[in-house]
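Peer 1: Sequence order for the protein chains is A, B, C and D.
Here the working numbering is used: the first residue of the first sequence is 171, the next is one more, and so on.
Here the working numbering is used: the first residue of the second sequence is 171, the next is one more, and so on.
Here the working numbering is used: the first residue of the third sequence is 171, the next is one more, and so on.
Here the working numbering is used: the first residue of the fourth sequence is 171, the next is one more, and so on.
FYI, nobody ran anything at the bench for these hints, they're computed from the structure.
Computed from a predicted structure; not experimentally measured.
Be aware that a few hints might be false.
Chain copies aren't distinguished; within one or between two, either way the pair holds.
[Said to hold, decoys possible] Taking lysine-lysine and the DSBU-like style, the derived pairs with C-alpha atoms no more than 30 Å apart in a straight line are: (1) 196 <-> 419; (2) 328 <-> 408; (3) 286 <-> 240; (4) 173 <-> 421; (5) 563 <-> 408; (6) 493 <-> 328; (7) 286 <-> 555; (8) 328 <-> 182; (9) 493 <-> 339.
If you want the building blocks of each chain, they are given just below.
Protein chains: 4
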Amino acid sequence: MAKVFDATEVAKHNTRESCWVVLYGKVYDVTDFLGSHPGGAKIILKLAGQDATEEYDPIHPPGILEEELKSEACLGTIDPSTLPQEAAPEPQEELEGPPPMENVLNLDEMEEIATKQVSKKAWAYYHSASDDMFSKSFNNAVYRSILLRPRVFVDCTKCDLDTTVLGHKLNTPIYVSPAAMARLGHPSGEAGIAEACRNFGAMQIISNNASMTPEQIVQDASPDQVFGWQLYVQIDRKKSEAMLARINKLKAIKFIVLTLDAPIPGKREADERTGMTGRTAAVPSGVKAAERSADDTPNPTEGSGGVGQQLFAGTDPSLTWTKTLAWLATQTDLPIILKGLQTHEDAYLASLHAPQVRGIILSNHGGRAMDTAPPAVHTLLEIRKYCPEVFDKIEVHVDGGIRRGTDAVKALCLGATSVGLGRAALWGLAAGGVEGVSRTLQILNDEMKTCMRLLGVERVDQLGLQHINTRAAEQQIYDGPASLEPLRREFRSRL
Amino acid sequence: MAKVFDATEVAKHNTRESCWVVLYGKVYDVTDFLGSHPGGAKIILKLAGQDATEEYDPIHPPGILEEELKSEACLGTIDPSTLPQEAAPEPQEELEGPPPMENVLNLDEMEEIATKQVSKKAWAYYHSASDDMFSKSFNNAVYRSILLRPRVFVDCTKCDLDTTVLGHKLNTPIYVSPAAMARLGHPSGEAGIAEACRNFGAMQIISNNASMTPEQIVQDASPDQVFGWQLYVQIDRKKSEAMLARINKLKAIKFIVLTLDAPIPGKREADERTGMTGRTAAVPSGVKAAERSADDTPNPTEGSGGVGQQLFAGTDPSLTWTKTLAWLATQTDLPIILKGLQTHEDAYLASLHAPQVRGIILSNHGGRAMDTAPPAVHTLLEIRKYCPEVFDKIEVHVDGGIRRGTDAVKALCLGATSVGLGRAALWGLAAGGVEGVSRTLQILNDEMKTCMRLLGVERVDQLGLQHINTRAAEQQIYDGPASLEPLRREFRSRL
Amino acid sequence: MAKVFDATEVAKHNTRESCWVVLYGKVYDVTDFLGSHPGGAKIILKLAGQDATEEYDPIHPPGILEEELKSEACLGTIDPSTLPQEAAPEPQEELEGPPPMENVLNLDEMEEIATKQVSKKAWAYYHSASDDMFSKSFNNAVYRSILLRPRVFVDCTKCDLDTTVLGHKLNTPIYVSPAAMARLGHPSGEAGIAEACRNFGAMQIISNNASMTPEQIVQDASPDQVFGWQLYVQIDRKKSEAMLARINKLKAIKFIVLTLDAPIPGKREADERTGMTGRTAAVPSGVKAAERSADDTPNPTEGSGGVGQQLFAGTDPSLTWTKTLAWLATQTDLPIILKGLQTHEDAYLASLHAPQVRGIILSNHGGRAMDTAPPAVHTLLEIRKYCPEVFDKIEVHVDGGIRRGTDAVKALCLGATSVGLGRAALWGLAAGGVEGVSRTLQILNDEMKTCMRLLGVERVDQLGLQHINTRAAEQQIYDGPASLEPLRREFRSRL
Amino acid sequence: MAKVFDATEVAKHNTRESCWVVLYGKVYDVTDFLGSHPGGAKIILKLAGQDATEEYDPIHPPGILEEELKSEACLGTIDPSTLPQEAAPEPQEELEGPPPMENVLNLDEMEEIATKQVSKKAWAYYHSASDDMFSKSFNNAVYRSILLRPRVFVDCTKCDLDTTVLGHKLNTPIYVSPAAMARLGHPSGEAGIAEACRNFGAMQIISNNASMTPEQIVQDASPDQVFGWQLYVQIDRKKSEAMLARINKLKAIKFIVLTLDAPIPGKREADERTGMTGRTAAVPSGVKAAERSADDTPNPTEGSGGVGQQLFAGTDPSLTWTKTLAWLATQTDLPIILKGLQTHEDAYLASLHAPQVRGIILSNHGGRAMDTAPPAVHTLLEIRKYCPEVFDKIEVHVDGGIRRGTDAVKALCLGATSVGLGRAALWGLAAGGVEGVSRTLQILNDEMKTCMRLLGVERVDQLGLQHINTRAAEQQIYDGPASLEPLRREFRSRL
């Protein structure tokens, strides 16, 4: 029979030399594990000697505890009556619940509702963007600066949103971006998002940092459901190779999304603040916020700060076109989509790497990586201006800033194949679980169809530049020095 | 003698199988009528078993009840003492009345006053626009971005606003647009607007969804008063044909306005919210806001939601240049004006259909159809740039965003023949009935004359591009791909 | 001995048939004068039967009462104890006074202080502008959009602001515009402004609607002080001719400013509101705000409304280049400056009329005539672009929107000879009388000198286009149809 | 033994004829010194007869009292019990202290914290800028209008900020500008800033108006630490020559920065207000704010007003390219950097003066000299457009508006060699002393590195125009008349 511990006994083990935590009523000795925690040792040491369940649960896939720790690490159970009382019920439990999802009329309302439902930590992680959040708001503002050109006297009885991505049929060009940590917002997590996507024939890209395992997420997928899997290549390549091996076995996953726009974490201050103001009783003296940022390279074993920075621990910042794509070719036959391109030069380079690279996602990481980075609309316009042939060679997807169906339609008019939702899907999940994500997709689908009909368009593939007035945005895009010829020559020389 | 019913008896008949309503003190069995209600069955079912007079009255032409229902549908009268008390007096009755209309100085003040006078439902219907109401506010902002160019040392003693539309003499280029549901705002309704227009020699276009019959509206017209009648073609063509037959007989109506910018309803959230928060006791379970929007095509028997969406039930979204104009030629000899054009391409196409088509109205439906659709000023500038010959072949009218006489003068300088007021006329009516509409027209006429005199202009036909600086607006208009030659060729090939 | 009247007796004479008013303790029968009051009969009828001193005093030149009324019109004196008590002390008397003028740092502060000192009526008259006051605020905003280009390593020990206007030496290019009704703001009135101008060697243009006679204003002028006199030509030409005869005799007045930008009044709503909410007990029934605006032409005997509209009563809207300048040549040998030009076309036309016309003032009447009229900066840029020869033929002055010395310097860089202050002088006067106007001039002079020195410039005539970056403003100016050749030809044909 | 004075006795000596002040517990007779006080007599007279320690201490280098006053000026000591009580403890002492510096996340937070820590006088001096502070805010806004262009798939493991200025190695391109009066903000003063710079390998330019002597500031410098010294040339050249002689002896000082953008003080109203509202009991009657500004030239013996204006007393406004540089060549062999250039013309002229002039600092004095002067970014773009050869001949540094590491990187991309912090360093010092300045440098270094890595750049010298989109800013820069040929010819003719 397992030993029963008193909380005061556990509390003594709050150092790097002897580090215990309580998880789901059990007491674990994680001293040996500190060095290999993907999120770094610091974040564990912050909670050393305490019940860490509340912090642990929403950001770790169920079952991973047993997978990662040796069985002898579990020392016994905690006597719950000895735990501090105030830690038990979260104040948010007392909130009145969200309204019926069918009464939510738009994505802004959904975010408002979600904001009231989620913990401060989750809000900070979802809401935050880098520096002054200029790019985050510009991502949307640039869509509002594009005017639509409705055509009249066109039969608009029929309208559907069917499209294909890499040959896979979808019922909507809206997909869910690889946003991490869904269980921070709602216990149904990424699997809940998958359930909503199934009902709408929508694609989902699973985050490398999902709070559930890929297997758990795709478990209830329909046979024709389409998933991508996002890869952050780890410094420890073996970990990435092991993950890819698992992914290769999941038939629901149709492609790999290699994320490139965040080789190092951006500065998300709202998120970092939650890292500072959390429970700090057990923080070893000298572990301060400033230490992190003084480091030149993220230390894989010593991450701390907000959720966002923890997730970056272990990510390899040394990826390159030649080296990394070659390595990836040895690990998977799945098609590759590169995510996070923000210049026409990189879009052009990607197109040179077809057919291994089958698509790109223009993204500034929801404004979370570099502030004042360009929105996807700028990059679309740059490609149109400097190297439109890219659209013929690879698929071009976009994300960032979508709040209305009209925003999505404008992206499609500019040549995007599909349009991703990051925060919006998480806000939907946080507001109403599966129903919230479904309502989010429903709202956007409805708005897109209304928009297409009023444009006089029946199918997604009919949308084009003649349907939008992008003059304001065009006057803002890059027109500095850029020559694609050297890029082409250098690429050729490597063949 | 008619049977007298108790309200509790009526309340039992609140289902699709047996649906009774109380109207003007009488009890009707409308079960058989549910399927043919132009506004859909749902809206009736919401009020089934109840006194629906308050909801019914302001949006239905007087007398239409007797016209539409068989006499046996009237089962008897209600015992008024048995009705719930709180339904009787509206809280707005307690408001202090509006100030004297002659003290209202501008259209913004008029809207403020009206806002205090009308029910929330009327406010929501009048005020709402699609999505984020960007186009609604841009409609006006674009006028403010145009500067006037006053000329001096010109005799400006005389100034009049006389003009003609399709050869009919008018005393002002301001007209009232076909805005629906005037009785929501004031009991004098569309006939009250007609009375005000008569006094100012102003044209009025009667909405297809007026809350009075065309006959009632034109009843007191002066011999030289000019009306147009707006047509929303119904899926059930017989209904439209019957209406056109009635219109053909009314000598006051000089032309047909075929509205094209709203083949399906835009998303007017303020209006939709009133549909949600209304009385819902009798709503059959399972009838939710979300259902509507999930439909691909508006279901003619099942409309619901806000006033705006109800009005669209039955409207045909399949109209086309060839088919619809040909059909219309068989139904009426009245000149046709096409309303809702938002691109120079469509304006050009319309001009090819002269002389059946005698004019167009550039309009984005007051920002109520598609958000981020262009304002009429953009379309005027596009036509000037790409196909100025349109102005020679057909009349070009505009509406949307007029708040000042200077706005109207700017539209005339750009080539508009006349300038429509939608909401402004309704706000005037809601604020002060006939006097309110008169004051609205008076304010705009005065402002226009002041403006024209300061420009050094005596007559409307002297206004031109030399009187305005449109440089800011010109830098925003569409300059993407557009070729009119294919449009011309295709049109020719159909002859 | 004069008869003493009881206020109740006077109160009976409150009709058009018998109209008495109390002024400065005397009772006048003004029934016969109603028809010839330059401000119209209505405004008198509003005060009929009452003590009108408070309304009368600040807007009429002292002594004009005796000049205009026959001696028998004075019936006797009022028994002051019988007058209503509440009319006696104005609430503003209780205010704490303004701070020492030397502590006021800028013109915005001066306006704030003045706003607290003056009556609502004066504030409304001074502050108001037409419609939405767009032009009023744009007048200043356009200066802020122009950047300065400081040059360094230039000896800036010396700097003076000396300049000349029509050959007359001045110590500053800042002058006081012909703003009316100075005594509304402070009892020292226009003569107080003259005193301040004398101390600064600044030019002053006396308003046609000054609240003091020209003789009173120039009475204490220094020998080299420079005045202009503003002419609003009256429908009754004899009145204007009599005034010009008086002006011709005043040696201090060096030129005539013929104002052209307000042949009819603009719509100044703040000002009109005070006309409405004033004392109305004695207003004959049926005299309503709306009546005015329904008129096509200002009725010289029936003006009413705000101060601004009263002042326009009697002004002739029929002036023209040929007719009016010819008439003026018969009335005066003084040089003519035309005020209120807002287009390069009119500036060009004016230059054709040299040497009778010696200068122009680019002005949109402080935004008080036509809203969305262009600011003087636009007109300066237009002239530079389309007909720079104007600068060689006549002087070009500007007013409107000056809040800082840098604003004035920018106007000079663009080619202006001098820069007028309208409201700013009145705010200075209202805030601190002569000292307030002096402080206003001091502030601007100081700011201008600081600006010029930092530009590396010693004298006003060294300022040029190389000192400013006007790129933003240039992108906004008119570039529509305009040809000066027809203007030139037409002018020649008249010779 | 020193005589002990009673405060009432001291208080009698409060005139120009007999002027005593208490400093650090001693009583001084400064009557004879009034005429030679660099800050002018007025400021002393304001405090005559009083204990001036609080005002004196933070703006005078320690020890200068003994240096400037003859020993007999010290009359004795004050009996502290006779001094007014309320003068003793400052209310700010009661404030809660700043948070730990490592928790400060960005420069805006730092300023907020500093604002709460410092006296109103210090805040006003640091925060103020000229007129409406347009240039101050535009300095930053223009950086936000520049978008970054992140490149992906580039190994960004390594990144350092090493650079050189005039051949001296630095660890960061961020330097501290010659901002005056550091001890107003924190007692560690300019030496505290030097300590922080030493730890970061950052350059510091010592203000001519530092509140410590140069010797004190560089005392603890490391052997490879780099300082510049800012020269404001005094009207009394001997003073400047004496200072230069001292500077020539300090090996830590590597170059002279000759400031040109403020030959006379700008109008810093917030700062001037503190001059007005200070203790005024002892102000001689007639010494008013207005007097100052009425002067044509700053009177070296009569300065007053805010801190900023006091500092300008004695500064020579007559410097010129030829005369001043020739004089300077006779006084020092140190390289010269010219500060405050704001036009490409002056940048070009400076480049002609190489090699005596080795660099320039593009600066509008933090918006403190002339409002609406252009930001450094405009001048960088102007140089790029009109005379890019300047970058080859001299170093180009910038300051003004830096709030984020991305701002600094953008300046480097445009060709700047290094980027100065003015207020930001003072806010850091005021918020947390040495630690505050260190944290400020740390934040910017971290943000710059994050930015460079996300751009795919390892070293500062790799940054270029291809990394930024400056289209919005380019549309705003000067394109008026400018020819460099006459400048070149005139320069040649002087050789």
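Peer 1: Each hint needs a verdict: does it hold in this structure or not?
Peer 2: These are the hints, each one checked on the structure:
{"no.": "1", "hint": "196 <-> 419", "in the structure": "neither (33 Å within a copy, 71 Å between copies)"}
{"no.": "2", "hint": "328 <-> 408", "in the structure": "between (51 Å within a copy, 23 Å between copies)"}
{"no.": "3", "hint": "286 <-> 240", "in the structure": "neither (39 Å within a copy, 53 Å between copies)"}
{"no.": "4", "hint": "173 <-> 421", "in the structure": "neither (43 Å within a copy, 71 Å between copies)"}
{"no.": "5", "hint": "563 <-> 408", "in the structure": "neither (32 Å within a copy, 52 Å between copies)"}
{"no.": "6", "hint": "493 <-> 328", "in the structure": "between (48 Å within a copy, 17 Å between copies)"}
{"no.": "7", "hint": "286 <-> 555", "in the structure": "neither (43 Å within a copy, 51 Å between copies)"}
{"no.": "8", "hint": "328 <-> 182", "in the structure": "neither (69 Å within a copy, 40 Å between copies)"}
{"no.": "9", "hint": "493 <-> 339", "in the structure": "neither (32 Å within a copy, 34 Å between copies)"}
Comparing the model with each earlier hint shows violations of hints 1, 3, 4, 5, 7, 8 and 9; every other hint is respected.
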